[in-house]
Amino acid sequence: MRNSLCTLLLLLTSQSVFSAAKIEYWQTVQGSPVYFVKTEGLPMVDVRVIFDAGSARDGDQQGIASLTSGLLDTGAGDLTADDIAQQFESVGAQFGEGVSKDTAWVSVRSLTKEELLNKALKTMKLILTKPAFNEMDFQREKNRTLAGLKHREESPGALANIEFFKALYKDHPYAHPESGIVETVSGFSVDDLRKFYTQFYVANNAKVIIVGDVDKKQAEKIAQSLIEDLPLGVKPDIIPEVPFTAKAMTKKIHFPSSQTHVLAGVIGMKRGDKDYLSLYVGNHILGGSGLVSKLTDEVREKRGLAYSAYSYFSPLFRKGPFVMGLQTRNDQTDKAVDVMQNTLKAFVQNGPTEKALIAAKKNITGGFAMRFDTNSKLISYVSMIAFYQLPLDYLDTFQQRVQAVTVDSIKDAFKRRVKPELINTIIVGGE
Amino acid sequence: MIFRVILIALICLPISAYSSSVKVHERVLKNGLKVLVKEDHRSPVVVSQVWYKVGSSYEPGGITGISHMLEHMMFKGTEKHPAGEFSRIIAENGGNENAFTGRDYTAYFQTMEKSRLEVSFKLEADRMRNLKLDAAELKKELQVVTEERRMRTDDKPRSKTQEYFMAMAFSNSPYKNPVIGWPSDIAHYQVDDLQAWYQLWYAPNNATLVVVGDVKAEEVVALADKYFSTLKTSIIKPLKPQAEVKQVGVRKTTIKLPAKLPYILMGYKVPVLNSAKDKSEAYALEVLAGILDGGNSARLSSQLVRGQQIAVSAGAGYNMTARMPELLMLDATPVEGKTVFDMEYALKQQVYDLQRELISAEELQRVKAQVLASAVYQRDSNFYQAMQLGMFETVGIGWEKADEYVEKINQITAEQVRDVARKYLLEDHLSIAYLHPQPIKDHKQTGKVAGGRHEK
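Heads up: the protein sequence lines correspond to chains A and B, in order.
Position one of the first sequence corresponds to residue 1 (our numbering), numbered consecutively onward.
Position one of the second sequence corresponds to residue 1001 (our numbering), numbered consecutively onward.
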């Protein structure tokens, strides 16, 4: 009986009319922005705190943002790493932490039942506000990171990625890999991490995102409680602009693999870029829509040269890269690179056909609801909107803005922003 | 004793209130196609999956990987819809689509806005019986699959280690073969092979259609009836059991590949839900894997990575939803200064502990709380829910068992966990692979073979 009642209840509560997510915004007492979306139907909630503390904040200590983040749950207040893990897992909560180029985040997914959620949030707060940075934990995590960096050297794809960013970004804070390099990480001390934490994990540099089945009152309480014990601190200086890519280059690195990994691209665009929609929709046609994209068609479907061939823009706070990639048998690398380059050239030259544009728009708008049909996807979107300060109705107006893109606007944007004669190409593989 | 009270409060509440109580509608069409529908109205989307009872464990020698090859060829067109059109139509309707092949299944899926479900049914029904296999298309797609194999396995030392490991651990069970197939088999597929494989297995009476999303079950069934019920059935011969012979002693292999870190893989032969006489053994093994590696507080992280600080990482895994008996796997990467043999010793010590002493009430409670919570979190995704139903049904367990999972896990006791450890985690049923890294930069193939020495 109980089960069928539940079913009924679930059906009733989940009849809410679907629209693009309604994001509520406010600030904590300290002024930290809070973004909240209420979702119904499942008794769960995702809570995420993000900081402008990604690898772009590493300075010369490449990898310090990442290791600092990794240390957070290895000891806090009086709790050891074991205690912390037990606090979360005994209530079925899932804890996460990590960094990207721009951001660092701490997250918890929990059931909404009060005593379970409270226990998870209490531990999360302790991690945020009182991380211990014990010497022993630090040494262990540093060694594990160093092992991870060594493991990375087994992968031609990872190697290509590092070289690609180095080529495009040179001395810019986006140039190095998020997890750092052996030379820098091996030199860190626990005080370096503490210093990084103290500078960046502050209320003025924090944003809270909450998605789930809690009401606004609860969400307010959660956000306030998580942030209130953080010192106010100072917002860090703005990341410098990315210098313009001056010239094309190709770099080949020998690696004893059966496949060669190719990455090619230029400096692309930033979040909120004025060309965002034209470049996004254009790339969708060029290499962003899986099996039906131009690159896949030319490289894979027509010629069988690769399992995966793609392109994407990775918009960041500053201009992120435009990347094309593929992997192919060593002896046909030249051919595959030619096909990739020619596909790009033709696309930049001619733009998409009207037919291709209509198809792409249908794909993007027709599948719009699928972009945030789970709490997991939704919190990613809201975090992006929060961090990059995009308008709260970003999702609501998205389809309309996609519809406004034309063949000419794509052609114009690609001609200005993706110059084939400036492409940097990294080739990693065997003879 | 205080935690006991919390424990009971926790376990009682979610089971009744949170467990997957949404009804699954089942209908078998007149041609044998089983249709499963689960309504989930949280978002105006729907996922549709067609699961075929065929995968690499169905394949005889010489054509290993052919199920996966056929999965690729399923996008190469029918009389009505030539190559590429399937994907184009789905894309134009805003859909995402793909397919996946495992040891025991091949599945195709589309996720769509809810009003487009018909598009998906129309196309899937067409390619269930009317695939056109073309030699020129096969030749190209063979290259693609070969590249896929290079990417997934050949250039990844750990994936390759796993491949060699499985080939050793199983004597005659088809689980010894990789899903993607052995290189020489891939190189020699003929159109006839694929045609025969398609004829043999792709039929409504060997498939399950699973739909989860913002739909009405009755409408979905009617729509399925419209598009699929006219498809012809096939005579599906029962599979030969290919029961694995008894292992009578530990097996070890050394893998030397260009790599940076040493690595060890260990596997004990264990039953699965499908094969276990006493089904609770499968759930007990599931809990056992959770005790070792169900999060950061589990034993391997807590004791080997932290505690003793001898492993960079250590893990355990068990797949209770395999069709045939499986391996309970353990793996580890040593820290600098420790070896794979130290890892072997430490992992075996973990096994002995499980055999000697009962797991604590807190540990058991932790695993149960996680399982319970996960059952809620998983419902965040239609795709996952469909996947679970499709998998349980296709491997022969029956989709109904998916709903019992939380309850069954909740019934497992510390004694049962100790008992399965004692019964199945036996040295004589153990296989071990050691990855010994070779230099990457100066890697040269030498013609000479050093003989069968077991190198430390």
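It is worth saying that the hints were derived from the structure and are not from the lab.
Remember, predicted model here, so these are calculated numbers, not experimental data.
Heads up, the beta-carbon is just placed ideally off N, CA and C, and yes, glycines get one too.
Certain hints may be false.
[To be verified] Residues on chain A that point at chain B, a partial pick, calculated with CB under 7 Å:
1. 42
2. 44
3. 78
4. 147
5. 154
6. 158
7. 161
8. 258
9. 291
10. 292
11. 304
12. 361
13. 362
14. 370
Right, here's what the structure says about each hint:
1. 42: Interface hint status for residue 42/A: holds (6 Å vs cutoff 7 Å).
2. 44: holds (5 Å)
3. 78: violated (16 Å)
4. 147: Holds, because the Cβ-Cβ distance from residue 147/A to chain B comes to roughly 4 Å (cut-off 7 Å).
5. 154: Since the shortest Cβ distance to chain B is 5 Å, the answer is holds.
6. 158: It is violated, given that the least Cβ distance between residue 158/A and chain B is near 11 Å, above 7 Å.
7. 161: violated (15 Å)
8. 258: holds (5 Å)
9. 291: holds (4 Å)
10. 292: holds (5 Å)
11. 304: holds (3 Å)
12. 361: violated (10 Å)
13. 362: holds (5 Å)
14. 370: holds (5 Å)
Checked against the numbered hints listed earlier, the structure breaks hints 3, 6, 7 and 12; every other hint is satisfied.
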